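Protein chains: 4
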Amino acid sequence: MFKGRVEAFSDGVIAIIITIMVLELKVPHAVDLSALRPLIPVFLSYVLSFLYVGIYWNNHHHLLQMAQQVSGNVLWANLHLLFWLSLIPFVTGWMGENHFAAIPVAFYGGVLLGAAIAYYILSRTLVARHGKDSALAIALGGDFKGRISVVIYAVAIPLALFVNAWLACLLYLLVALMWLIPDRRIERNLQP
Amino acid sequence: MFKGRVEAFSDGVIAIIITIMVLELKVPHAVDLSALRPLIPVFLSYVLSFLYVGIYWNNHHHLLQMAQQVSGNVLWANLHLLFWLSLIPFVTGWMGENHFAAIPVAFYGGVLLGAAIAYYILSRTLVARHGKDSALAIALGGDFKGRISVVIYAVAIPLALFVNAWLACLLYLLVALMWLIPDRRIERNLQP
Amino acid sequence: MFKGRVEAFSDGVIAIIITIMVLELKVPHAVDLSALRPLIPVFLSYVLSFLYVGIYWNNHHHLLQMAQQVSGNVLWANLHLLFWLSLIPFVTGWMGENHFAAIPVAFYGGVLLGAAIAYYILSRTLVARHGKDSALAIALGGDFKGRISVVIYAVAIPLALFVNAWLACLLYLLVALMWLIPDRRIERNLQP
Amino acid sequence: MFKGRVEAFSDGVIAIIITIMVLELKVPHAVDLSALRPLIPVFLSYVLSFLYVGIYWNNHHHLLQMAQQVSGNVLWANLHLLFWLSLIPFVTGWMGENHFAAIPVAFYGGVLLGAAIAYYILSRTLVARHGKDSALAIALGGDFKGRISVVIYAVAIPLALFVNAWLACLLYLLVALMWLIPDRRIERNLQP
Numbered sequence: 000m001f002k003g004r005v006e007a008f009s010d011g012v013i014a015i016i017i018t019i020m021v022l023e024l025k026v027p028h029a030v031d032l033s034a035l036r037p038l039i040p041v042f043l044s045y046v047l048s049f050l051y052v053g054i055y056w057n058n059h060h061h062l063l064q065m066a067q068q069v070s071g072n073v074l075w076a077n078l079h080l081l082f083w084l085s086l087i088p089f090v091t092g093w094m095g096e097n098h099f100a101a102i103p104v105a106f107y108g109g110v111l112l113g114a115a116i117a118y119y120i121l122s123r124t125l126v127a128r129h130g131k132d133s134a135l136a137i138a139l140g141g142d143f144k145g146r147i148s149v150v151i152y153a154v155a156i157p158l159a160l161f162v163n164a165w166l167a168c169l170l171y172l173l174v175a176l177m178w179l180i181p182d183r184r185i186e187r188n189l190q191p
Numbered sequence: 000m001f002k003g004r005v006e007a008f009s010d011g012v013i014a015i016i017i018t019i020m021v022l023e024l025k026v027p028h029a030v031d032l033s034a035l036r037p038l039i040p041v042f043l044s045y046v047l048s049f050l051y052v053g054i055y056w057n058n059h060h061h062l063l064q065m066a067q068q069v070s071g072n073v074l075w076a077n078l079h080l081l082f083w084l085s086l087i088p089f090v091t092g093w094m095g096e097n098h099f100a101a102i103p104v105a106f107y108g109g110v111l112l113g114a115a116i117a118y119y120i121l122s123r124t125l126v127a128r129h130g131k132d133s134a135l136a137i138a139l140g141g142d143f144k145g146r147i148s149v150v151i152y153a154v155a156i157p158l159a160l161f162v163n164a165w166l167a168c169l170l171y172l173l174v175a176l177m178w179l180i181p182d183r184r185i186e187r188n189l190q191p
Numbered sequence: 000m001f002k003g004r005v006e007a008f009s010d011g012v013i014a015i016i017i018t019i020m021v022l023e024l025k026v027p028h029a030v031d032l033s034a035l036r037p038l039i040p041v042f043l044s045y046v047l048s049f050l051y052v053g054i055y056w057n058n059h060h061h062l063l064q065m066a067q068q069v070s071g072n073v074l075w076a077n078l079h080l081l082f083w084l085s086l087i088p089f090v091t092g093w094m095g096e097n098h099f100a101a102i103p104v105a106f107y108g109g110v111l112l113g114a115a116i117a118y119y120i121l122s123r124t125l126v127a128r129h130g131k132d133s134a135l136a137i138a139l140g141g142d143f144k145g146r147i148s149v150v151i152y153a154v155a156i157p158l159a160l161f162v163n164a165w166l167a168c169l170l171y172l173l174v175a176l177m178w179l180i181p182d183r184r185i186e187r188n189l190q191p
Numbered sequence: 000m001f002k003g004r005v006e007a008f009s010d011g012v013i014a015i016i017i018t019i020m021v022l023e024l025k026v027p028h029a030v031d032l033s034a035l036r037p038l039i040p041v042f043l044s045y046v047l048s049f050l051y052v053g054i055y056w057n058n059h060h061h062l063l064q065m066a067q068q069v070s071g072n073v074l075w076a077n078l079h080l081l082f083w084l085s086l087i088p089f090v091t092g093w094m095g096e097n098h099f100a101a102i103p104v105a106f107y108g109g110v111l112l113g114a115a116i117a118y119y120i121l122s123r124t125l126v127a128r129h130g131k132d133s134a135l136a137i138a139l140g141g142d143f144k145g146r147i148s149v150v151i152y153a154v155a156i157p158l159a160l161f162v163n164a165w166l167a168c169l170l171y172l173l174v175a176l177m178w179l180i181p182d183r184r185i186e187r188n189l190q191p
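Protein chains in written order, with numbering that gives the first Met the number 0: chain A, 0 to 191; chain B, 0 to 191; chain C, 0 to 191; chain D, 0 to 191.
So here's chain A without its partners, still in its complex pose:
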């Protein structure tokens, strides 16, 4: 039950984040198809961020599924993750409205990087709480996907600034697709 409220609060915050992003899709005043054209990049950035927030919810769900107990440190590590996720609507809107220009794309990557690090801290805090031999620690293992994501974001940010913003977006999409496959490590472990 202790754990339950952390999940409920996180569900609430993530549900609001994933939904208010759609408010950036401002209702156009004209009725023809051309009125939708300026919304296309905003829509594409919405889809990408919906994927990301959905992935974070899925992984958060799997992670806490395995946790037996939470501590004060876990609460703060969790709020730290929610902080970075709460910035996603802002960078999504900025990136979408400016047709994936270099600086907004780099900031988008920066927020993704912050969220990835926060997620890593949260999972390590939970492992510290449960012990290195706990099911959770074993299921997480070396967390290859988490590490490679951080590396890709760290590559994508300078790529956006100095080479090509679209290449960075492609990398963001790549990471998303990599995570779309649900965390089989944990799911396998949950099987009896």
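I should point out that these hints are in silico values taken from the structure, not numbers from a laboratory.
Careful: at least some of the hints might be erroneous.
To be verified - Heads up, incomplete: computed chain A residues facing chain D, CB under 7 Å, no partners named:
| no. | residue |
| --- | --- |
| 1 | R4 |
| 2 | A7 |
| 3 | F8 |
| 4 | G11 |
| 5 | V12 |
| 6 | I15 |
| 7 | L78 |
| 8 | S85 |
| 9 | F89 |
| 10 | W93 |
| 11 | E96 |
| 12 | N97 |
| 13 | A100 |
| 14 | I102 |
| 15 | P103 |
To be verified - Derived pair list, reagent style DMTMM-like, types lysine to aspartate or glutamate, alpha-carbon separation capped at 25 Å:
| no. | chain 1 | residue 1 | chain 2 | residue 2 |
| --- | --- | --- | --- | --- |
| 16 | A | K25 | D | D31 |
| 17 | C | K25 | B | D31 |
| 18 | D | K25 | C | D31 |
All of these numbers come straight from a predicted model, not from anything done at the bench.
Cβ coordinates follow ideal geometry from the N, Cα and C atoms, glycine included.
Assemble the complex: chain A is given as a structure, and chains B, C and D must be docked to it using the hints.
Quick look at chains B, C and D alone, frame taken from chain A:
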């Protein structure tokens, strides 16, 4: 409990969707009745979408009520449904602000069609998980209402574009009324 | 658990309604006290509506507390109540921005009347489900406060339109204060 | 379960408060770094308020964790706390947009003071319900941190108005950091 968090997250997202639509009803600056006149189509589209989102929540509630377990696939099928539902406030505002013009009405139907297909995929994913002889599979049966809804949307979209947008709206209303009757198939099945 | 999700969804919608009303308190661009003056009526209407939504949540909480089971009819009666409550932010903003002018005050009363009737229907639907001899039916009794509220709203609306809008507001406040006292009928009944 | 719904509703409201604050970070139309400069004070005030709302959620979590039962009075004391918290996005936006000017900073402190008093009332109402010898009463003890916070806010408000707004902000930050350390009194008490 595993299932519980999928329900909680879906409840959160659907609750936000159904509530932020009302933000499209912009507070008028004048105080006479005529100030409300331009809001009438926005209000009507709000009522229609409130009905639809309410119906989806009701059906989602009934569907997951019967599910015993969820998998990674179910999580993603569920997020896919929430994605389409999250677009409803946008098309509702666009349709309402433009007095049910042809193109916005067709897009509204397109989002309803997407949501209907996503709901169908979700229910099939759950059936695949529970087996063809499960109570859930038997209760859903051939899913007549789901199929006929998809057909009606597919008819309504070209109708809106090439014949009359109001006819399409009438069809949307018809589908809503058809669903207002809660899913007796499942409810009957839940009776001991 | 069946009941649990109706509560969770209602909690979500009511939580959003009570919170988005504060968005009508637009951040002023100036920093002196006079910049807050135009916000005073908006703030007062926010406080009144916060009270009302809080009362509805409290009563909804007490009502469902006593319910043993919900049906398709209950789901729809509940959505009907949420529909009226979802209109409160709109009428609150309209009334507040126009310094409690006659027509917005009358509409505010109209929404309160709609919500009161919807709540009455919900409680009767629950009584019908549980039987006239159920604890819920006995605890609700003749529902004196519910009836008198409807009468007061019905008086306040023409009063706002044809006599004085402030008198109507006073009546709304009176009803709110009457309800602030939590529903002792039910609470007494819950004691062992 | 009675207590559960109070927690769920509070989680919902606090989740929305913590998330809608980010909407004050308006998406800039330009793409260079200088476009972000006017957002820096808004961002800083967002971080401070995120900390505060996070602290309130954490403490609320710990407080209700120890409660065995809730009463009508507790429901209202809780709504009173949520009311003050709901004003945080408004004062955050006002303070941030005006670069921490004296009057907005004083109002920010006023809302923090109101929330602190409301939290104190809530904890006393819970103590009254559970008895002076209850685990909750013993864990709360003299509530030193709660009292000192109220004193610091009461000092910070005139400081902002008559001396220096930044000093007041520093005091707000100090209180936040003091609370960041989770309420060990209660956590220790929860250990078996």
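Hints, verified against the model:
1. R4: Status holds, d = 6 Å.
2. A7: holds (5 Å)
3. F8: holds (5 Å)
4. G11: Result: holds, 3 Å to nearest chain D Cβ.
5. V12: Where the cut-off is 7 Å and the nearest Cβ of chain D is about 5 Å from V12 (chain A), the hint holds.
6. I15: holds (4 Å)
7. L78: holds (4 Å)
8. S85: With a minimum Cβ separation of about 5 Å from chain D (threshold 7 Å), the hint on S85 (chain A) holds.
9. F89: Holds, because the Cβ-Cβ distance from F89 (chain A) to chain D comes to roughly 5 Å (cut-off 7 Å).
10. W93: Given a least distance of 5 Å, the restraint on W93 (chain A) holds.
11. E96: holds (6 Å)
12. N97: holds (5 Å)
13. A100: holds (4 Å)
14. I102: Result: holds, 5 Å to nearest chain D Cβ.
15. P103: Check passed: Cβ of P103 (chain A) comes within 6 Å of chain D, closer than 7 Å.
16. A:K25 x D:D31: Holds, at about 23 Å.
17. C:K25 x B:D31: Holds, at about 23 Å.
18. D:K25 x C:D31: holds (23 Å)
The structure fails none of the hints (numbered hints given earlier).
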